[in-house]
Structures are given as C-alpha cells and as structure tokens.
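Chains as they are written, first to last, in the working numbering: chain A, 6 to 296; chain B, 1428 to 1659.
No lab work stands behind these hints: they were computed from the structure.
Just so you know, these numbers come straight off a predicted model, no measurement behind them.
One or more hints might be untrue.
Far from chain A, some chain B residues (derived; all Cβ distances over 12 angstroms) [what the hints assert, rightly or not]:
{"#": "1", "residue": "F1431"}
{"#": "2", "residue": "S1442"}
{"#": "3", "residue": "E1463"}
{"#": "4", "residue": "H1482"}
{"#": "5", "residue": "R1486"}
{"#": "6", "residue": "P1503"}
{"#": "7", "residue": "K1624"}
Among the chain B residues that face chain A by a calculated CB cut under 10 angstroms, a handful are [stated by the list, open to error]:
{"#": "8", "residue": "M1428"}
{"#": "9", "residue": "G1440"}
{"#": "10", "residue": "H1445"}
{"#": "11", "residue": "G1483"}
{"#": "12", "residue": "D1525"}
{"#": "13", "residue": "T1619"}
{"#": "14", "residue": "F1654"}
{"#": "15", "residue": "L1659"}
No residue lacks a Cβ here, since even glycine has one placed at the ideal position from N, Cα and C.
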Amino acid sequence: MSLDSMSQIFETMERKGIAFWEVVLADDMEERCATRAESIAKMLTVWRAMQDAADSYTGRSRSVSGLVGGDGLKMRQYSIRGQAMSGGYVSEVIAEALSMAESNACMRRIVAAPTAGACGVLPAVLLPLCKYEDLTQHQILEALYVASGIGAVIAYRSGISGAAGGCQAEIGTAAAMAAGALVALRDGTKEQIGHAVAMALKNLMGLACDPVAGLVEVPCVKRNVIGAVDAVSAADMALAGVESRIPVDEVIDAMGEVGRRLPVELRETALGGLAATPTGREVKKRLNQIV
Amino acid sequence: MNIFDILGPVMVGPSSSHTAGAARIGSMARTLLGEEPAEAKLHLYGSFAESGPGHGTDRALVAGLLGMKPDDLRIPNAFAEAEKAGLAYSFDVIDLRDAHPNTVVIDVTGRSGKTLQLQAASVGGGRIRVDAINGVEVNFTGEYNTLIIQNQDENGVVAAVTTILNQLRINVANMSLCRSKRGGKALMVIETDQHIKPHQVQFMADLEGILAVTYYDKEVEDDVSGFDESNL
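Chain A on its own, in the form it takes in the complex (with noise of 0.2 angstroms):
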C-alpha cells in the first residue's frame, strides 16, 4: 500500500516523474486488481453519482425529524439574486454543501466522501466550479483521484469516522480532500497540495461530533458547508504561495491525536456539545415519541 503517508506519494510522484491522481490510479489498479479501464470507469460512476445526487433535487424534501430540508434551496435563491457577500462561486458553494448535505439526510442516493454525514463537501466545491471554469471530464476524474488518494491517507494514519475522531475527521477529512483537489485541477504543485491539505485540516481542528439526537443533521448539514468554505480557502492560499508551517504528515497525525483525546461525549454519541444543550436534549425527547 503506497498510500500511508503525504510524502511517500510525493517521492512515487517524483521516483516515476508521474502525477498525483496517477499514483493513486496505480494503487487502486494493484490494490483491486483492476485494468486502468475499469478504475477510472468506476471513478466516472461516482461522479456521476455525485451530478445525479445534485440536478435531480428540488431542495424542497425534509428529513424524517423534520429539522433539515430546504435551506439549500434558500441559500440558492440568494445567489442567484446576487446578494450574497461571497459572491458568485463561493455562494454557490455553500448552497451546493447545504443542498447535498440535506439530500443525505432526506435518504436521498449520494456519495459518502468520506462519510456520508460529510457527503457534502467535495461536490460542493466541484459542482459549481464546473460553471466557472473549462474543465474536462477527465480532468474531475483526476480531482477526484487526488481526492480519494488524500482520504486514504488521512484514513490509514488518523481515522475519518466521528466515532473515533470527533467532526474535524468527517469534515475536516472532506476539507483536506477537496482543498487538495482543487489545487491539482488548478495545475497546482504537490508542495501545493500538499499545504492546501494540512491548511484546510489545521482549521479545522479538534471539531466536536456533537450530533443533535443522535442524527446526521443538527448540525452536520451546516458544518459541510463550513468544510467546502475551509476547502475554497486553503487551496487559494496554498496557489497564492502561502505555506503551511507544519508538515502535512505531521498535521494529520495530530489530527488524529486530538480525535483520540476528545472525550466519548463529543465523538457521536450525542452526549455533549450541542446535543446536550436544553434545546437538543427537547427534539430528542419529542422525536423519541413520534419514532
């Protein structure tokens, strides 16, 4: 397995004079045993997937708890009305996060990324960039190698579920994901990455998993868009030359010592945090009389 640590990727990179997303396609290829058709194919399914999950939702379903459904569809009217402070492609972003992430918990189809509670924020930050700029579809499926190959990373060292490592593994995964891939579909180079992805996980660190009642909802939704903004703003700063003081590997390992110290109540049991306020602890109690 070549995807243990940020730097070994880098020397493969550097040892083959291959690109990021190959490294991780040749991995992929050796790990499932599969022709280099057959991989980016599958990779063409989760795109897919991923557009599907977006143009076929009106904004309009509400989960089963009735407490999320329709803010995407807000945040998308304000955009299109050219209010939004953030401006064209950020505001869009946020809506895309709000939309994709409401899906998830009105049981619609979508791509976990890496979690599904966090499904939200690399479509998010790809989908309207599609508008915005030129891209090719086998460029995305070059994003979304490096995206993947991130993850892996981010998940052999450190773990990316809120069980284990509180919000900052979910999300902050997805952040470090999509900052990566962004940077590697704007040419950027792996020293890029490579400080796009610890810039997006260090800001977002030591994040609660504080899930109200227990569902991926209150406030996962929000906190995707938080993870795309996080994205959209480390790649800007890794292209604009602005560096990450800490090393990317050693970034991650914290983040996964920081996960392992967060007391149980705030790693999705729904025990602290904003679960435990009175106001989480009532649409608990009212939820558990309706289900």
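Using the hints provided, position chain B relative to the given structure of chain A.
Showing chain B alone in chain A's frame:
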C-alpha cells in the same frame, strides 16, 4: 479499505453505518436464506435500537431483505415495498452481551418455511460483519465470495472441500471452522478470491459428510466493458 471506500459507497443516506450497512445486512440474510423471505423478526441492539428509526435503519434492513442494494432509491419506501412483496416484518429491542453497538439479530422465514437466524453488525463506512448463523459463531464480511458449509464433524471433510477448491483453481483468502461437539455438526466458512459457479457449489453440497452449503457472491462491479477513456 480501498479508494472507493473513501469516495463511496454510492448510497441512500443518511448514515453509512446505520443505513448502507443495514441494507447490506438485510441483503446478506436474504442470500443466506436462499429464497424469497416471507416473514422477518428483527431484533435491534445498541445504537441500531437507539437512533435507528431516525437513520432509516429499520427501512434499510427491510429493503435489504427485499434484495435492494444500499444505493436503491426505493429504500425510503421499503415498508410499502414489503407489503407489495408479501413480506411481514416486526421490530423489537434485544439485549446482547459484548456485541458491536450497531448489531441486529434477524429471524427470517422463507416462502417454503425454511428458517435462518443471522446476527450481524454494521462496523463503519457501510461495511458489515456476520457474527453468528443459527447461533453458531462465525466471522465474515461479504467483501469476499463466501462459502458457508455445514458439515458432519468427521475425518476428511475439510480436506475434501479444499481439494475441490484447489482443483477448481479457487484460492482461499480466509477460512474458519467451528464444531458444536466432537462428532456433531460443524460450520466451515471459506472466503475465496474467485467466483464459484452454482454447479460447483452443488457438487460440494453432494459430498459425503456435507449437510448444507450456502454461497454468497460478493457485490458485483458495474459492467464497464464499453468504457473508453479517450471519450472523457
């Protein structure tokens, strides 16, 4: 874990462990039963019982029993689909010792009256682990092609099975064997790298000392034979 466990699964939300994994467990129960299920009693444990309904765990389990995969858009309507398909189901809460927090025990009865009890856990990212079949402890995931063989505990039965696998050029990835008592019934679980054809499974079922064979094919990949990278 591979990169499509990171970017994936493509699934109906909201939770890979509570929804996608639950659908896989239901589907595993259906396959191991080997026929259309008519009645299922689902006993939920831990987090499956706690926050299951809000995650659609109940509907996903029933969807799996109906043969739906984790990305099937009918999962949210699984209860209505069950009624159409004539599957009766019921849920209750069970207390288990030392079980994974996302565990379910399913008692399922087929159309012909055949019964099966399955205990399985959803262990994260949509991956599952089967912990017991008909009360006998096992340990497999469905990520490989899996042979579940009930046999008489006697000399040479294991050798006969592995000899046949060798002749078929089927490589054993993982294997376990458990017996209830000396000379009693035993359960062999063999995970293989290659697919085993139905007539080959039948051949093993007809061997002396073999009481029953169930075969689980790992989820098939999409057919990508028409794919051309240069069209992207």
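To see whether the hints hold, each was checked on the structure:
A Cβ of chain A approaches the Cβ of F1431 of chain B within 12 angstroms, the least distance being about 6 angstroms, so the stated non-interface status is violated. The claim that S1442 of chain B is not at the interface with chain A is violated, since a C-beta of that chain comes within 12 angstroms of its own (minimum 5 angstroms). Distance to chain A confirms E1463 of chain B as a non-interface residue, since its nearest Cβ pair spans about 25 angstroms, more than 12 angstroms. The claim that H1482 of chain B is not at the interface with chain A is violated, since a C-beta of that chain comes within 12 angstroms of its own (minimum 7 angstroms).
Its beta-carbon lying about 8 angstroms from the closest one in chain A, R1486 of chain B breaks the requirement of being farther than 12 angstroms from that chain. Here P1503 of chain B does not stay apart from chain A, with its beta-carbon only about 4 angstroms from theirs, under the 12 angstroms limit. With 12 angstroms as the threshold on Cβ separation, the claim that K1624 of chain B sits away from chain A holds: the shortest Cβ distance comes to roughly 20 angstroms. Interface hint at M1428 of chain B: satisfied, since its Cβ lies 6 angstroms from the closest Cβ of chain A, which is below the 10 angstroms cut-off.
Using the Cβ-Cβ criterion of 10 angstroms, the hint placing G1440 of chain B at the interface with chain A is satisfied: the shortest such distance is roughly 3 angstroms. For the restraint placing H1445 of chain B at the interface with chain A, the shortest Cβ-Cβ distance is roughly 8 angstroms, inside the 10 angstroms limit, so the hint holds. Here the hint on G1483 of chain B is kept, as its CB sits about 5 angstroms from the closest CB of chain A, short of 10 angstroms. Nearest Cβ of chain A to the Cβ of D1525 of chain B: about 18 angstroms, over the 10 angstroms cut. The hint is violated.
The interface hint given for T1619 of chain B is broken, as the beta carbon of that residue sits about 14 angstroms from the closest beta carbon of chain A, more than 10 angstroms. Because the smallest distance between the Cβ of F1654 of chain B and any Cβ of chain A comes to about 4 angstroms, under 10 angstroms, the interface hint for this residue holds. Restraint check, L1659 of chain B versus chain A: the minimum CB separation of about 4 angstroms is within 10 angstroms; hint holds.
This entry does not satisfy hints 1, 2, 4, 5, 6, 12 and 13, going by the numbered hints stated previously.
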